[in-house]
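**Student:** Those sequence lines, one after another, are chains A and B.
Our numbering applies: residue 13 is where the first sequence begins, and numbers increase by one.
Our numbering applies: residue 13 is where the second sequence begins, and numbers increase by one.
Don't read these hints as lab results, they were simulated from the structure.
Keep in mind that a hint or two might mislead.
As the list claims (entries may be wrong) - Computed footprint of chain B on chain A, listed as stretches where at least three residues anywhere in the stretch have a Cβ under 8 Å from a Cβ of chain B: (1) 49-56; (2) 67-76.
Claimed, not checked - Only part of the chain A face toward chain B is listed, based on derived beta-carbon distances under 10 Å: (3) Asp33; (4) Arg60; (5) Asp61; (6) Arg146; (7) Glu152; (8) Gly167; (9) Thr169; (10) Val186.
Quick caveat, the model's predicted, so the values are computed rather than measured.
C-beta: ideal position from N, C-alpha, C; glycine also.
Next come the chains, spelled out residue by residue.
Protein chains: 2
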Amino acid sequence: MPHFVVIGQLAIASADFLLQDLPSSSGRLDVLLRCVRAALLVSHGVRRDTRIDLCLNGGPRAPRIVRIDGSAARFLRPDERSLAVLLGKVLAAPVAGSDFVEVRPGVCVAEGGLLRLLDELRGVPAYVLQEGARDLRGVEVLAAEGLFFLGDHLGFTPEAERALAAFGAVPVSVGPLSLHAEDVISVVNNELDRRGATTLSS
Amino acid sequence: MPHFVVIGQLAIASADFLLQDLPSSSGRLDVLLRCVRAALLVSHGVRRDTRIDLCLNGGPRAPRIVRIDGSAARFLRPDERSLAVLLGKVLAAPVAGSDFVEVRPGVCVAEGGLLRLLDELRGVPAYVLQEGARDLRGVEVLAAEGLFFLGDHLGFTPEAERALAAFGAVPVSVGPLSLHAEDVISVVNNELDRRGATTLSS
C-alpha cells in the first residue's frame with residue numbers, strides 16, 4: 013500500500029481548534045485535512061490500499077500521530093469541515109501512549125513524532141517529496157507499498173530532513189512548481205494508478 | 013491561459029447555504045470550491061495565467077456562472093470555509109444580467125448556463141475530462157490556453173455532453189480511476205506545468 017506521511021510543523025495535536033477558523037486556530041491543520049481527502053478518496057469510493065499518517069507537532073499535546081487506514085476507514089467525507097470534526101473527536105479521545113489506539117473505524121492515534129514513526133517503519137522503501145529533486149515519472153521502479161513523506165506549507169525542518177536522509181528516503185519531485193501538499197499527493201496517487209499499483213473499493 | 017469550467021448540476025446559485033453544513037445545504041458547492049483551490053493556488057502563490065468558471069445550476073437563481081481569474085484575484089485562501097464565504101458574498105451581490113460583473117477583485121458573476129458560456133467561448137480549443145477517454149499524457153499538442161470542462165460528483169447531464177460534443181471539445185482522461193474533480197484539475201495543471209505552459213506569480 014502507498015503510505016503517505018504529512019508532517020505538520022505547527023498542526024495542533026489536540027481538539028482545541030475552532031471549526032469556524034480552522035487555519036488560524038489549528039496551526040494549519042486544514043492543510044493536513046485536505047491531504048487526507050487527496051490520499052484516500054476517489055469519486056464515490058475509498059482507496060482501500062492506502063494509508064496516511066498526520067504528524068502533529070503543535071500545541072501542548074504534541075507530538076502525536078493520527079493514522080487513517082483506507083482499508084478500515086468508514087464514513088470518510090471529502091469536505092474539510094467533516095474531516096475536522098472527525099479529527100477533533102479522535103484528538104479528544106481519552107487515550108495515551110506511544111502505541112496506536114483505534115478511536116474511530118480505521119482512525120488511530122499515538123503519541124510520538126517523526127522519529128517514533130521512522131523507528132516503526134524501518135526497512136520500508138521511502139521517498140521524500142522535495143522541490144528540485146528527481147522527477148517521480150523518471151523513477152523506474154516505484155515501490156507501490158512505499159512511504160511518501162511530505163511537508164506542510166512550511167516544508168520540512170532541518171531536523172526532519174536529516175532524519176529522512178538517515179532513513180534512506182529517496183528525494184523525488186512532481187514537476188517544476190512548488191505545489192500544495194494535497195496536490196502533490198494527487199499527482200503521486202495518479203502516477204501509482206497509472207502504474208497499476210492501487211486497489212479501489214467503494 | 014488554461015481555463016477550467018466545472019459544471020455543478022445542483023450547486024446553488026445564491027448565497028442561501030450554511031457554512032456549517034456546506035455539502036448538504038449548497039447542492040455540493042463544496043466540490044466546486046475545492047476545484048477553485050486546485051485550479052488557482054500553488055504553494056504561497058496564485059496561478060496568474062489560470063481561470064476557472066463555476067456553472068451553478070441549483071436553486072431558484074440558477075443558472076449563474078462565477079468566474080475567478082488568477083490574473084486579478086486577491087486574498088484567495090485555500091481553505092474551503094474561506095472560499096465559501098467569498099462565494100457567498102459574490103452570489104449575494106445585487107447584480108443581474110448575462111454580462112459578467114466583477115464583484116470582488118478577479119471574481120465575476122453572470123446569469124446563464126453552459127450554453128451561454130459556450131457561445132462566448134466559441135473557437136477556443138476545448139477538452140472534456142471523461143473516464144475512459146484518451147489519456148491526456150498522450151495528447152501531443154495540448155493547448156495551454158485551452159478550455160477544460162469537468163463535471164461534479166454527478167458527472168455531466170446528457171444535455172451537457174451533447175453541447176460539449178457539438179462545441180468540439182475533445183474527450184481526454186487522466187488515468188484509470190474516476191477521481192474527484194479537484195484531483196483531475198491538479199493532474200491537468202501538473203501536466204501543463206511539465207509542458208512549460210504556466211506562469212506563476214506570488
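**Student:** Could you run down the list of hints and mark each one as holding or not?
**Tutor:** Hints and how they fare:
Given as covered by chain B, the region 49-56 of chain A passes the check, having 6 residues with a CB less than 8 Å from a CB of that chain where 3 are the minimum. Taking a C-beta to C-beta cut-off of 8 Å, the region 67-76 of chain A contributes 0 residues in contact with chain B, too few for the three needed, and the coverage statement is violated. About 8 Å separates the beta-carbon of Asp33/A from the nearest beta-carbon of chain B, less than 10 Å, and the hint is met. At its closest, the beta carbon of Arg60/A sits 12 Å from a beta carbon of chain B; the interface hint therefore is violated under the 10 Å criterion.
The beta carbon of Asp61/A comes no nearer than 12 Å to any beta carbon in chain B, farther than 10 Å, and the hint placing it at the interface is violated. The criterion of a C-beta within 10 Å of any C-beta in chain B is not met by Arg146/A, whose closest approach is roughly 14 Å, and the hint is violated. A cut of 10 Å between beta carbons decides the hint on Glu152/A: the least distance to chain B is about 17 Å, and the hint is violated. Contact between Gly167/A and chain B, as hinted, is supported at the beta carbon level, the nearest pair being about 9 Å apart and thus within 10 Å.
Interface restraint check for Thr169/A: the shortest CB-CB distance to chain B comes to about 17 Å, outside 10 Å, so the restraint is violated. Annotation: Val186/A was flagged as interfacial toward chain B, and the flag holds, the nearest CB pair being 6 Å apart, inside 10 Å.
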